[in-house]
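Residues in the sequence shown are numbered from 185 upward in steps of one, following this note's numbering.
Take these hints with a grain of salt, some might be off.
Here are the computed distance ranges between Cβ atoms for each label pair [what the hints assert, rightly or not]:
1. R203 <-> P282: 14 to 24 Å
2. G337 <-> S286: 15 to 25 Å
3. P351 <-> D234: 46 to 56 Å
4. A326 <-> E192: 35 to 45 Å
5. A285 <-> V311: 20 to 30 Å
Please keep in mind that the hints were generated in silico from the structure rather than gathered at the bench.
Note that CB positions come from ideal geometry on N, CA and C, so glycine has one too.
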Amino acid sequence: MPRRYDPERRERIVAAAARVLERRGINGLTHRAVAAEADVPLGSTTYHFDGGEALLLAALERVNSEWLEWFGRWVAEAGAAPSVADHVVTLLDDWTGPRRASAELVYGLYFAGLERPALRPLAARCVDEMVRLARPLAGDEAGARAFVGLVDGLLIQLLLTGGPHRPEETRAALARLLPGTGSRPRPGTG
């Protein structure tokens, strides 16, 4: 029986790997789980990805691509918001509320680079691209890097602690870091 050629199989496997990551996390990403999710034979996953790390890298590239596409749209929409600070407040509320699972996936993969050096270059490229995308909001590269660092830091703290988001603190932090993006602190409050 001749082998069937399926040019889209690799992409289906990568999409399935991203779904497995979202549901089971990094430790749940196995060739067997991905094959079942993609509805392909196990041999197909090992044919396209020779090891678990190769499969993880491909899934991470897809997750990063989706995240950066979303972030680019978010930056483009900032002009319609009353202020950059208000736009950041909405982002934090969204990513700690209805999109929390996606945020946990993105940051889980981001931090996986601490233990898996092969993931670091991909994580670094993601951060660099976020900085490039954020330049219109922050003026220059240094401001954009500070902006991305602040938003990342606030989101990580909220995800880890489960604490309440305090929009006024977010606005004040942005105003101090990048004047003109947030509300100014009132005299005697900062």
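For which of the previously enumerated hints does the structure constitute a violation, in increasing order of number? none
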